[in-house]
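For chain G, the structure is supplied; the task is to place chain R on it using the hints.
In order, the protein sequence lines correspond to chains G and R. First residue of the first sequence? That's 10 in this note's numbering, and the numbers climb one at a time after it. First residue of the second sequence? That's -4 in this note's numbering, and the numbers climb one at a time after it.
No lab work stands behind these hints: they were computed from the structure. Among the hints, erroneous ones may be present.
[Said to hold, decoys possible] Capping the alpha-carbon separation at 25 Å, the derived lysine to any residue pairs in SDA-like fashion look like this:
| id | chain 1 | residue 1 | chain 2 | residue 2 |
| --- | --- | --- | --- | --- |
| 1 | G | K47 | G | N79 |
| 2 | G | K47 | R | Q40 |
| 3 | G | K47 | G | G25 |
| 4 | G | K20 | G | L54 |
| 5 | G | K61 | R | S91 |
| 6 | G | K14 | R | V105 |
[What the hints assert, rightly or not] Derived DEER-like restraints, expressed as beta-carbon distance ranges:
| id | chain 1 | residue 1 | chain 2 | residue 2 | range |
| --- | --- | --- | --- | --- | --- |
| 7 | G | S76 | R | D(-3) | 24 to 30 Å |
| 8 | R | R102 | G | K14 | 24 to 30 Å |
| 9 | G | E71 | R | S21 | 37 to 43 Å |
| 10 | R | G36 | G | L92 | 22 to 28 Å |
| 11 | G | Y19 | R | D62 | 36 to 42 Å |
| 12 | G | T120 | R | Y34 | 20 to 26 Å |
| 13 | G | N29 | R | F13 | 42 to 48 Å |
| 14 | R | P107 | G | Y86 | 42 to 48 Å |
[What the hints assert, rightly or not] Residues of chain G placed beyond 10 Å of chain R at every Cβ, according to the derived structure:
| id | residue |
| --- | --- |
| 15 | R23 |
| 16 | K53 |
| 17 | S75 |
| 18 | S76 |
| 19 | L92 |
Every residue gets a Cβ at the ideal spot worked out from N, C-alpha and C, and that includes glycine.
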Amino acid sequence: DTTVKQNPRYKLARVGKPVNLICSQTMNHDTMYWYQKKPNQAPKLLLFYYDKILNREADTFEKFQSSRPNNSFCSLYIGSAGLEYSAMYLCASSRTGTYAEQFFGPGTRLTVL
Amino acid sequence: GDSVTQTEGQVALSEEDFLTIHCNYSASGYPALFWYVQYPGEGPQFLFRASRDKEKGSSRGFEATYDKGTTSFHLRKASVQESDSAVYYCALGESSFNKLTFGAGTRLAVCP
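Isolated chain R, as found in the complex:
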């Protein structure tokens, strides 16, 4: 079945550091790829998506590029802030019923 692997379980950075969270997927079809972010006490919220090869998704300074060749959708941000501290989920989505398959999440802690 389809699966998503996030390499880093936890990431600790200082403010203004560069962020990379690695996401690789395995899918039989041609899925869309998503990033969701979850703040404490809240449910995951949509960050952005990409639905075709080489498409870049972005929001709030975060970005990721769909790479079908390497089956990856790595999340990057040039300069993180303390308010970016959260759990980040990579997910792949089916076109039918918008079903999502999530990765296990990466907890980002940013220190001032």
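Next comes chain G alone, as it looks inside the complex:
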């Protein structure tokens, strides 16, 4: 099974409220990634976990948090949602190995009102 699952598929949130998105994979991949995709823009890497180590991109460091309680699950957490967080959030995973392909989930569409 090469499926990456994301829940929920659609999320409506109020400004100032927290948001938690969930991703899971059963391929025993070491690395899991979160991307943000806005219309007419490239998917933008937010952060990734290599095993239990979290790496956050410099320009989104304070905006997003994540946890990985076990190898299969990874969450993306927004402490206080703003309108600018409305986007598609894509989770992906990959095995260890130079230039290994990433496997993507279908995404969670977050709308902040």
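Using the frame of chain G, we list chain R on its own:
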């Protein structure tokens, strides 16, 4: 920082037409280059990669050649089908942690 530019935002073709989607990159190192395809309701899926100059990647009739001189990795297909309608992303990849930098994508619509 590293970047990827896809010239065409949208491409409309008829079945059996020849496809070219242009991809140029800017990178400080020597990255691998990828093409991903995204169908409606799904996440991007790996199409193929190339990791050195002049290497050709290919899959499902699509192909692209890594050209370090022109910093390009243009996607081509000789004869498109309606089922090829999708969004195509060019990306460059780092060797550490397989991080990807994507282009903005090209939406391909193929009419029967």
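Now for the hints, and whether the structure bears them out:
1. G:K47 x G:N79: 29 Å, violated
2. G:K47 x R:Q40: 18 Å, holds
3. G:K47 x G:G25: Holds. K47 of chain G to G25 of chain G sits at ~20 Å (cutoff 25 Å).
4. G:K20 x G:L54: Status holds; Cα separation ~20 Å.
5. G:K61 x R:S91: 16 Å, holds
6. G:K14 x R:V105: 29 Å, violated
7. G:S76 x R:D(-3): 24 to 30 Å: 28 Å, holds
8. R:R102 x G:K14: 24 to 30 Å: Once the Cβ atoms are compared, 26 Å apart, the range 24 to 30 Å for K14 of chain G and R102 of chain R holds.
9. G:E71 x R:S21: 37 to 43 Å: 27 Å, violated
10. R:G36 x G:L92: 22 to 28 Å: 25 Å, holds
11. G:Y19 x R:D62: 36 to 42 Å: Given a distance of about 41 Å, which is inside 36 to 42 Å, the answer is holds.
12. G:T120 x R:Y34: 20 to 26 Å: 22 Å, holds
13. G:N29 x R:F13: 42 to 48 Å: 46 Å, holds
14. R:P107 x G:Y86: 42 to 48 Å: 45 Å, holds
15. R23: 26 Å, holds
16. K53: Given a closest Cβ separation of 8 Å, the condition is violated.
17. S75: The assertion about S75 of chain G holds, with a minimum of 15 Å to chain R.
18. S76: About 18 Å separates S76 of chain G from the closest Cβ of chain R, which puts it past 10 Å; holds.
19. L92: Given a closest Cβ separation of 22 Å, the condition holds.
Against the hints set out earlier in the document, violations occur for numbers 1, 6, 9, 16.
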